[in-house]
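S.K.: My request is simple: use the sequences and hints to build the entire structure.
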Amino acid sequence: MMPDLGRYAVAVLSSYGATLALLAGLVALTLWQGRRVKRQLAEVEARQGQSQGKHDG
Amino acid sequence: MSLWEYANPKKFMQVSARVLPVVIGLAAVSLCVGLIWGFFLTPDDFRQGSTVKIIFIHVPTAMMAINAWVMMLVASLIWLVRRHHVSALAARAAAPVGLTFTAIALVTGALWGQPMWGTWWAWDPRLTAFLILALFYLGYIALWQAVDDPDTAADLTAVLCMVGSVFAVLSRYAVKFWNQGLHQDSTILKVGEADPIAPAYYVPLVVCIVGFVLLFVALVLLRTRTEIRARRLSALLARERLA
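Protein chains in written order, with numbering that gives the first Met the number 0: chain R, 0 to 56; chain S, 0 to 242.
No lab work stands behind these hints, which were simulated from the structure alone.
Errors might be hidden in some of the hints.
[Said to hold, decoys possible] Here are some of the chain S residues that sit facing chain R, going by a computed Cβ distance under 10 Å: (1) Q47; (2) I103; (3) W111.
[As the list claims (entries may be wrong)] Far from chain R, some chain S residues (derived; all Cβ distances over 10 Å): (4) V69; (5) L72; (6) L137; (7) Q183; (8) I196; (9) V216.
Built from N, CA and C at the ideal position, the CB exists for glycine as well.
M.R.: Here it is as structure tokens:
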């Protein structure tokens with residue numbers, strides 16, 4: 000049940016599309032960076048014989 | 000219990016791990032409800048037609064673009080005064096989120112402005128101040144990456160943040176300072192005044208604002224946790240190199 004956006008359909012749909020794309024990119028980047036750093040930290044802590052996830056809650 | 004306990008990285012990681020699932024859940028629910036309500040269930044405006052639906056993303060993201068900078072300013076001042084690393088890292092973590100919100104506000108503003116004003120862009124005081132704020136975000140992120148020593152980077156970016164705050168304030172109050180230009184003054188604060196926003200738009204807009212605030216908090220918490228881990232990783236690698 001798509002609302003009738005009339006002659007402004009391109010402007011409205013582009014606004015929502017651009018917003019969702021930018022937010023999805025930001026969330027994906029945040030999660031990817033978080034997982035990468037967490038994995039690297041775990042590797043280094045294991046290598047140095049320290050307790051894993053010392054700072055983790 | 001003192002507020003400054005949360006400046007301890009270990010305490011911050013413990014508390015944020017407990018708070019994050021709740022914040023993420025509330026952000027997802029309020030954003031879904033607000034955006035679906037705004038897009039599918041609100042009527043067209045008698046003058047602006049269906050473009051009024053852009054308000055549900057443009058206004059919350061523009062507000063958060065400015066509020067994110069204010070949060071960075073507070074965190075930077077805490078860093079400068081009390082030297083708590085978590086506050087400097089939180090400011091760093093907030094910058095990409097603020098930049099994304101600024102970009103969304105600029106893009107949706109242009110897409111809204113073209114059919115309503117007949118132009119994508121105008122060198123209006125509010126729009127210009129907002130564009131300069133976006134450039135400050137870029138400069139802030141670049142400065143963090145350009146300086147190797149993290150404490151020096153935190154000091155320099157804190158000063159840059161204070162300078163950029165002028166444009167964060169200007170982008171909010173430019174319409175009041177200079178009563179000219181295309182961009183109108185805030186409508187959502189006019190409830191109870193002569194020309195308020197209609198309740199049909201006001202209620203879903205408030206839900207969207209709450210959703211974007213919670214999304215900001217969730218992303219900043221996630222990114223601050225990553226920054227704390229990255230800082231510890233750097234310290235361990237430096238120790239490894241010295242051994």
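S.K.: Indicate, hint by hint, whether the structure satisfies it.
M.R.: Right, here's what the structure says about each hint:
no.	hint	result
1	Q47	holds (8 Å)
2	I103	holds (5 Å)
3	W111	holds (7 Å)
4	V69	holds (19 Å)
5	L72	holds (21 Å)
6	L137	holds (15 Å)
7	Q183	holds (18 Å)
8	I196	holds (18 Å)
9	V216	holds (13 Å)
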